[in-house]
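Generate the whole structure from the sequences, applying the supplied hints.
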Amino acid sequence: GEIVVNEVNFVRKCIATDTSQYDLWGKLVCTNFKISFITDDPMPLQKFHFKNLLLGEHDVPLTCIEQIVTVNDTKRKQKVLGPNQKLKFNPTELIIYCKDFRIVRFRFDEAGPESAKKVCLAIAHYSQPTDLQLLFAFEYVGEMYHSLAKVNGIDPGGGGGGIGSASAQQTPLFETYSDWDREIKRTGASEWRVCSVNEGYMISTCLPEYFVVPSSLADQDLKLYSYSFIGRRMPLWSWNHPNGSALVRMANIKDVLQQRRIDQRICNAITRSHPLRSDVYKSDLDKCLPNIQEVQAAHIKLKQLCVNEPFEETEEKWLSSLENTRWLEYIRSFLRHSAELVYMMECKHVSVVLQEEEGRDLSCVAASLIQVMLDPYFRTIVGFQSLIQKEWVMAGYQFLDRCNHLKRSDKESPLFLMFLDCVWQLLEQYPAAFEFSEVYLTLLHDSARISLFGTFLFNCPHQRVKESTEFAISKNIQLGGEKGLRFPCVWDWSLQFSSRDRLLFHNPLYVGKSAPCVHNGAMKSFKRSKKNYSSTLRGAPPALKNGIIGEQEFLPRRNSLILKLKPDLFQPAESPSHSREQFFRDWFAKPVDLHGLILPHLSATQIKLWKLCYFRWVPEAQISHGGSVTAFHRVSVLADEVDMLNRNLRHYKSNPSLQGHCTELDQSRMYFRASGFNDTSGAPDFLSSSFPFSPVGNLCRRSILGTPLSKFLSGAKIWLSTETLANED
1 GEIVVNEVNF VRKCIATDTS QYDLWGKLVC TNFKISFITD DPMPLQKFHF
51 KNLLLGEHDV PLTCIEQIVT VNDTKRKQKV LGPNQKLKFN PTELIIYCKD
101 FRIVRFRFDE AGPESAKKVC LAIAHYSQPT DLQLLFAFEY VGEMYHSLAK
151 VNGIDPGGGG GGIGSASAQQ TPLFETYSDW DREIKRTGAS EWRVCSVNEG
201 YMISTCLPEY FVVPSSLADQ DLKLYSYSFI GRRMPLWSWN HPNGSALVRM
251 ANIKDVLQQR RIDQRICNAI TRSHPLRSDV YKSDLDKCLP NIQEVQAAHI
301 KLKQLCVNEP FEETEEKWLS SLENTRWLEY IRSFLRHSAE LVYMMECKHV
351 SVVLQEEEGR DLSCVAASLI QVMLDPYFRT IVGFQSLIQK EWVMAGYQFL
401 DRCNHLKRSD KESPLFLMFL DCVWQLLEQY PAAFEFSEVY LTLLHDSARI
451 SLFGTFLFNC PHQRVKESTE FAISKNIQLG GEKGLRFPCV WDWSLQFSSR
501 DRLLFHNPLY VGKSAPCVHN GAMKSFKRSK KNYSSTLRGA PPALKNGIIG
551 EQEFLPRRNS LILKLKPDLF QPAESPSHSR EQFFRDWFAK PVDLHGLILP
601 HLSATQIKLW KLCYFRWVPE AQISHGGSVT AFHRVSVLAD EVDMLNRNLR
651 HYKSNPSLQG HCTELDQSRM YFRASGFNDT SGAPDFLSSS FPFSPVGNLC
701 RRSILGTPLS KFLSGAKIWL STETLANED
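Residue numbering for the sequence shown follows our numbering, starting at 1 and increasing by one per position.
Simulated from the structure, these hints should not be mistaken for lab results.
A hint or two may mislead.
BS3-like, lysine-lysine: derived pairs with alpha carbons at most 30 Å apart [claimed, not checked]:
{"id": "1", "residue 1": "Lys-475", "residue 2": "Lys-118"}
{"id": "2", "residue 1": "Lys-317", "residue 2": "Lys-608"}
{"id": "3", "residue 1": "Lys-51", "residue 2": "Lys-88"}
Cβ-Cβ distance ranges computed for the label pairs, FRET-style [unchecked claim]:
{"id": "4", "residue 1": "Asn-476", "residue 2": "Tyr-281", "range": "34 to 42 Å"}
{"id": "5", "residue 1": "Pro-275", "residue 2": "Leu-224", "range": "25 to 33 Å"}
{"id": "6", "residue 1": "Tyr-281", "residue 2": "Ser-628", "range": "32 to 40 Å"}
{"id": "7", "residue 1": "Tyr-227", "residue 2": "Ile-473", "range": "30 to 38 Å"}
{"id": "8", "residue 1": "Pro-242", "residue 2": "Ser-499", "range": "34 to 42 Å"}
{"id": "9", "residue 1": "Asp-40", "residue 2": "Ser-628", "range": "29 to 37 Å"}
{"id": "10", "residue 1": "Pro-242", "residue 2": "Asp-219", "range": "26 to 34 Å"}
{"id": "11", "residue 1": "Lys-301", "residue 2": "Ala-631", "range": "26 to 34 Å"}
{"id": "12", "residue 1": "Asp-109", "residue 2": "Ile-38", "range": "14 to 22 Å"}
Note that beta-carbon positions come from the ideal geometry of N, C-alpha and C, so glycine has one too.
Below is the structure:
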C-alpha cells in the first residue's frame, strides 16, 4: 500500500552545522508512510547493523513528524508549513522536527527549485492528515485484504508475542471473554466475573466489549448504573492481590443526586468480593497527580532543553533547567502515589479504587505501575505487553489524541511516555527484576509513532471497529464475520526487527522463576520455594515528606537491596501491634525477592533522566565506548560464557533425555556473544552511550565529534590536587 507521492534528486542531508564535510548526497522521497533519504554515500562513523525492517536508517515515519520548517537563504525567509498552505518562495533548506527529539535537515542548493517546493508541500500534506482513515495503516490493511487474507503469513491482528524463535507464548489482547477469564484465574479473583453486557458496544463506546466486575453485581444493575458515569464508563477490575484486595478503575459519577447511592452500591459490591470483606480505599487521581496539560507542558520544556539549546551554552545551568521542566518531579509523583496505593493493598489488605474524571488517562499510568510493582509477571516481556493491552489499549487510552497523530495539539499529552519512563526508573533501580531492557522500552515508545500498527492508533476499541468497518465498505472489502479490519499488532516484533536484533530486548541480568542447571550430567530445573510471591513482600513506603520518601527513613541493610523502615511509622495507638511487628520481623529477616514486591527509591539522586531515550540523537551527549551499554555488553558476554559452559557440560555428560534440548540451547540468547571461555576482548568499537541508535545524520548539531573539552573548562577553576581542593573550603 505504500506509494511514492513526490521526490527530488541532488539533495544534501546536513550532518553538522559548522561543516559540510560529513554531508550526504542523495534523493529525498515522500511516500504515504514516511519520508526517505536514499544515498549511496557510506554513513560516517556508522559501523553497526541494527535496523528497523520497516524503515531505512534515514527514514522518518510521517506520524513521527512534529513540525516542518522551510527556509530561503537569499530572501531570509522561513515558514512553518501546515497541511494546506501555499509556499510563496522556493526553499533552499528543509528542517524536520520529530516527536522523538530528532532534527533532520536537508539542503536544496543543487536541486530543481520547483521539485524542492513540491516535495516540501507533499511532506506537509501527508504528515498532517485531517481524517483517521488517511493514516497509512488503512491503506496497508486495505491492500492486504484485497490481495491476501494474511500479512506475510501472519494474521494482521495476531498477538505475535514472539520475541525470538524460542518464545511460543502469545500476548493476550483482551479482546475476548477467554482472555479476561484466564486473567481472573491467574490472579485468583474468585469473587469476580467476566461481564459481556457491553458486547457490540451497546452500553459504552469507550469500554471494551468484555471486562471484569464483582460477581455480586448483576448485568441489569450495571446497565442501570452506567447512565450515571461519565462516558458510561462503569467500574473496571484491573488486578487481584493474592490477599484478596482488588484494584479497580472508575470514572466520576456525573449524577449528583444519585452519586452517594451508586457509589455505596459499587463499594459494597467490591467489599463483598474481598475474602475478608475489607473496606475500599478510594484515590482521586485528579487531585493527587499532575493533569495531562501539566505533563504536556513539562514534555515541551524537556524537548527544548534536549534539542533546541546548544549544550555548551547550557552546561552551567543544566541541572536547574532540567528541574524547571518539572518532568522528573512528575515522574516522582506517579511513582510515589502508586507506591502509596501498593502499601494499602499489601499491608492494609484493602481494595483500591482509582477514580478519575473519565478514568482513561491518569488511571492507566497508576494502575499499570501498581501492577508492575506487585506482580512479577508484568515484569516479563509477554506480561508487560499484556499489561499495556489490558490497561491502555482495551481500557480506552486515547492514543490517537494523546499521541496527536492527526495534529490536534490541544489534546496531546505524552502519558504513555511518562509511564515508560517510570518503568525505566524501576528497571534502573532493580535491573535483575525485569526480563526486558531499556532498548525494548525505547523501541516500544518509537513504535507508537509508526502509523502501521493498530495497537497505538485509536482512542478505543470501538473506534477501530467503527472506522475500519466504514473504510471496508467504502473500499468494497468483505469482512465476513469479523468486527472491523484486523491491523498489524505491534507485539509481532518480527515485522520490525530481525531475530538477532530482537535479542537486544532481553536483559542479561534477569533470572526467571526457574533456571536450568546441570547436576551429574542431567539437566534439572532449580525452583525457588513454592510460596505465593506475596508471602515474601516486606513492607511499604514510610511517611512521605514534601512528596519524597526521606533518605533518613530508608536505611540499607548490609549489602542487600533491602530497605529498612522505622518501626514506629505504622503504629497507630488503637491497633494491635503483634501482627504488625511480625510483618516487619519477617520483612527484615528475608533477602530481597526480585520476584516479589519492588518499591521505587524516590530521592532526588535516584530519579534520573532517561538518557538513552532523550539523548540518543545528540552527538554532544554521546559517550564513545561508554554509557550503560558497556556494562550490558560485559554482562551479556559473561552470561553467554555461562551458557557455553552449560552446553559443554551437557555435551560431555550427555544422555538420551537431553537430546531434545540441545538444538534449542545451542542458540545463544545474547546479542553480544563470547568468543570463548575467559573472553577478554574489549567492547566493540561502535559501542557508545546512544547504542543501538546513531545520532550521526539524525540530529543536526554543532559538531558530530562532540563539544571540545576546552569549552566546558573555559573559566572554570581547576584544582591540581586533593590538598588544593580541601584548602578551597
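Comparing the hints with the structure gives:
{"no.": "1", "hint": "Lys-475 / Lys-118", "in the structure": "holds, 29 Å"}
{"no.": "2", "hint": "Lys-317 / Lys-608", "in the structure": "holds, 17 Å"}
{"no.": "3", "hint": "Lys-51 / Lys-88", "in the structure": "violated, 38 Å"}
{"no.": "4", "hint": "Asn-476 / Tyr-281: 34 to 42 Å", "in the structure": "violated, 53 Å"}
{"no.": "5", "hint": "Pro-275 / Leu-224: 25 to 33 Å", "in the structure": "holds, 27 Å"}
{"no.": "6", "hint": "Tyr-281 / Ser-628: 32 to 40 Å", "in the structure": "holds, 38 Å"}
{"no.": "7", "hint": "Tyr-227 / Ile-473: 30 to 38 Å", "in the structure": "holds, 31 Å"}
{"no.": "8", "hint": "Pro-242 / Ser-499: 34 to 42 Å", "in the structure": "holds, 36 Å"}
{"no.": "9", "hint": "Asp-40 / Ser-628: 29 to 37 Å", "in the structure": "holds, 34 Å"}
{"no.": "10", "hint": "Pro-242 / Asp-219: 26 to 34 Å", "in the structure": "holds, 28 Å"}
{"no.": "11", "hint": "Lys-301 / Ala-631: 26 to 34 Å", "in the structure": "holds, 30 Å"}
{"no.": "12", "hint": "Asp-109 / Ile-38: 14 to 22 Å", "in the structure": "holds, 18 Å"}
Hint compliance for this structure: hints 3 and 4 are not met, and every other hint is.
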